[in-house]
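Visitor: So you can see what is in the structure, the chains are spelled out below.
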Amino acid sequence: MALDKAAVARIASLARIRMTEAEQVRIAGELAPILSWIEQLNEVDTSGVEPMASVVQMKLPMRDDKVDDGNIRDKLLANAPQEARGFFAVPKVVE
Amino acid sequence: MSLIKGETGDWEMVIGLEVHAQVISNAKLFSGASTAFGGEPNTQVSLVDAAFPGMLPVINRHCVEQAVKSGLGINAEINLVSVFDRKNYFYADLPAGYQISQYTRPIVGKGKLVIDLPDGSAREIGITRLHLEQDAGKSLHDQHPSQTYVDLNRAGVALMEIVSEPDLRSAEEAGAYLKKLRSILRYLGTCDGNMEEGSLRCDCNVSVRKPGGALGTRCEIKNVNSIRFVMQAIEHEARRQVAVIEEGGAIKQETRLFDSGRGVTRPMRSKEEAHDYRYFPDPDLLPLELDRTWVEEVRRGLPELPDAKKARFVAQYKLSPYEAGVLADEQASADYFETAAKGRDAKLACNWVMGDLFGALNKLGLDIVRSPVKAGQLGGLIDLIADNTISGRIAKDVFQEMLASGKSAAAIVEEKGLRQVTDRGAIEQAIDAILAKEPEKIAEYRAGKDKLLGYFVGQVMKATGGKANPGLVNQLLKKKLAG
Amino acid sequence: MSALTELGLAEARDGLRAKTFSARELAEAHIAAVEAARPLNAFLCETPEKARAMAAESDARLARGAARPLEGLPLAIKDLFCTENVPTTAGSRILEGFTPPYESTVTAHLWRDGAVMLGKANLDEFAMGSANVTSAFGPVENPWRRRGDNRPLVPGGSSGGSAAAVAARAALGATGTDTGGSIRQPASFCGIVGLKPTYGRCSRWGTVAFASSLDQAGPMTRSVKDAAIMLQSMAGYDPKDSTSAAVPVPDFEAALSGDIRGLKIGIPREYRIDGMPQEIEAVWQRGIDWLKDAGAVPVEVSLKLTKYALPAYYIIAPAEASSNLARYDGVRFGLRVPGESLDEMYEGTRAEGFGAEVRRRILIGTYVLSAGYYDAYYLKAQRVRALIARDFDEAFKSCDVLLTPTAPSAAFAIGEKSDDPIAMYLNDVFTVGVSLAGLPAISVPAGLSGDGLPLGLQLIGRAFDEETVLRAGTAIERAADFTAEPSFIAGRA
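Chains as they are written, first to last, in this note's numbering: chain A, 20 to 114; chain B, 330 to 812; chain C, -15 to 477.
Source of the hints: derived by calculation from the structure; they are not laboratory data.
Glycine is no exception: its CB is placed at the ideal position from the N, C-alpha and C atoms.
A few of these clues could be false.
What follows is a set of in silico ranges between Cβ atoms, one per label pair, in the way DEER data are often shown [to be verified]:
| no. | chain 1 | residue 1 | chain 2 | residue 2 | range |
| --- | --- | --- | --- | --- | --- |
| 1 | A | Asp93 | C | Pro234 | 50 to 60 Å |
| 2 | A | Asp64 | C | Gly246 | 34 to 44 Å |
| 3 | A | Asp64 | B | Gly367 | 55 to 65 Å |
| 4 | C | Met260 | B | Glu625 | 52 to 62 Å |
| 5 | C | Glu284 | B | Leu409 | 53 to 63 Å |
When you get a sec, could you build the whole thing from the sequences and use the hints?
Guide: Below is the structure:
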């Protein structure tokens, strides 16, 4: 699967990881062999096989509709790089 | 058919609505934090909601039940197996960098609801699906010049996303659809439908086409927060699109916002990148499997829904479809009416509820559940009219007094001595007294001025403090005036 | 003092109860050993004061006869488990300074049972790696060296710090996590025992997630018995983890008879890989012979899709990781690189905070999930995964446990293989299939390579049958009689 600089730029943007042009080129080079290596899966005949949902053989457990969490603002903000008046603060977003 | 008249001919609007309805529950969809409205920032947030390292979701059973109830309320297929998918994107109010939603296999499939139009007609609108997903937190952009403040109280609250088929053809139909959907969800107790508080949000997909032509490119108007604005936004957007096309332009598929102040839609300023959400099944959750017998149990437990109630009101109480529709719109008003009407003249009860009661509640800014006059009490008032204890005219005064004091009609009538005077002798006495003072008018009346009867009736009523039975006054006056 | 660090975990447990020595003495000996082991860079954070306080509590309980299952036993904790009020980095710059206000379920179990925390062990960044060379805080050195060669070797990964600490006798045991082999392979490289339980056996709550459908916590110790004792405490249903199995925890210590008479040992033919080093082949054959001598019956089985397990894993794991690591964005914890806009902040933070291997895997993961590629890559890999799990189910119809080598080589030098990601991925060739199928597996040191480096054998069991795995593991352990020691042992001259 050909992976060019533009494709890397698009993926890096989706993943919010800044990349210089030089890095994009380098990464494209690094990823190309990995991606062609994983292509060998096409050799496997998977017709009629359901994708594995989970190795766990049980039903989704459910919890009661009880309020038993929250009210831990101090704990939540303790590691915040920037906080103000009980909010997490980030660079302003223009909508 | 509601068409837009353009320069080049008629245009048809094609509208689909995506509604996000906040589920009524105590705790969030995947965590135990509270869903209560209006808390101090970040006080109703668990480590799971804030996506701290190693945190995991556990689904709230009640939210699942609410979604199933809602699906049944819109006559939809309940999918016994559904899957939660991660919708991946970055935003400040989305702590995990993904929203847990449902993409390929939602909990509820195809459904429908019937909309009631002002002209009395009804139309069936298809619903594509209903799924459960997490709400995001709130970003406040106006608290600081260069920072956005993030409050995660709302992050993780359960939402039901309800997607209609693009079957709507006018702003009016869109309004009717929202009204009905809201009514159904409120009946079911699955969403309070409060658009001002944001518990019901609507995204409108609008496109235009020549009648019978191919579908046009659509634009999405996001997060419109009142039914009135939805109708305005759709109307404006459709006309905007017609104008663009007729001027030779093409509609750019984009997301727009409705500026309610100026009454126009405008494109969102954020980067218009194609969203690649990279949906995949959430590996922290297993597929949701519902038991068929349980779903049937839920179905059996559903209350009578608005359409069925309306039909029954028409059949059982002989109300007009319009009256039935208004009363059945809210479970609370329907219940009120039925209590007041039980064993009484339903039409009379209907008039009192829709007229005097609704009028008073509007003026007082109260919900029917907070009405100072309870349904039973209104029934009591109606009884006093029915057995002629008071006249309809006096009843209105009594009603105002009931609103103010909370007392029963009977108590007020006794206290104020408002019993209707039906004693013929007493009325004749009053009449005689009036007639004795008006020889000229009597002569004019006998000469042919029939209208003066009303004058005499008015005088008698005044003299009896309004308490004389109007019918009797009329009857006896006529007799006496005839000579 | 140094003799105390050379005890096994079970021996130390018994010694404490017999009052041969105190928990304080045991803790001090290990605190000194952790210090002495600094050249290995096995620990990212040492917690001697905490260890002393916990040991004091243990002594009090021992004195009044109220000893809990792991009372007073000093352990190292892989820095992927969130430990309350103790910095947790996941080996990454992006979590530098992060101090969790909560304790992971697995470590909470250990403290509930009286264990003592020595510190947080180094690891490959976000558990991504097989050599512990991707840690933002420097590589870990294997306490073993090749005979006549001074070059530092890798301890394996991602639980390299845990393995090195245990092998160097700086801890009685350590917690690791295994996603594609990250407990078993370093155990093999460091000559210790490493057990990956069945998926769902241990809770994942509070453990930094790498690949949610594969991650499992497990013990790393110097004997099979020690691993059984640790697993007993680590395991257990957790309602806060929707993938946690609601099954009772058996008595693992009772499964150590080593009596495998009549047990059918499956030997998967596809694990005999072209170009496999002779000595790996040899230790495998020796293992088969040992088990036969102990009364077991070797049976050839087929795991047809073995060779596709690696590419399937390298689609599924990065895909899940790319989503799990989206939360590391500079907003609520960890590193923030300031930016003019929100996106700029995200991009700068993640570019600087994540190392090269993590960035690579996030990109691969993002790519294989992206529009147009999801069906061809991710769904395809999940279908292959289903077939691989089916392979194991089939094999277990004719055997009770499988025996394979753990790794395709002994430990290699730090710096070797690091230019070639695929060569690095191939380290996991014998371990990933097990992870995809969610089965339990143990690595037991079985012999030495020509260079004098440890080689491990892997036993794989049916889901939730850790008992058979432990039983067969005991048999291997007895027969192997592995007494070789690494060149570096903490506290020894």
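Visitor: A separate judgement is required for each hint: does it hold in the structure or not?
Guide: Now the hints, each set against the structure:
Separation of aspartate 93 (chain A) from proline 234 (chain C) is about 41 Å and departs from the stated range, judged on CB atoms against 50 to 60 Å. For the pair aspartate 64 (chain A) and glycine 246 (chain C), the beta carbons lie near 37 Å from each other, so the given range of 34 to 44 Å is met. Our hint of 55 to 65 Å for aspartate 64 (chain A) and glycine 367 (chain B) holds, since their Cβ atoms are close to 57 Å apart. Checked against the hint of 52 to 62 Å, the pair methionine 260 (chain C) and glutamate 625 (chain B) passes, with Cβ atoms roughly 59 Å apart.
Roughly 43 Å separates the CB atoms of glutamate 284 (chain C) and leucine 409 (chain B), a value that falls outside the hinted 53 to 63 Å.
Comparing the model with each earlier hint shows violations of hints 1, 5; every other hint is respected.
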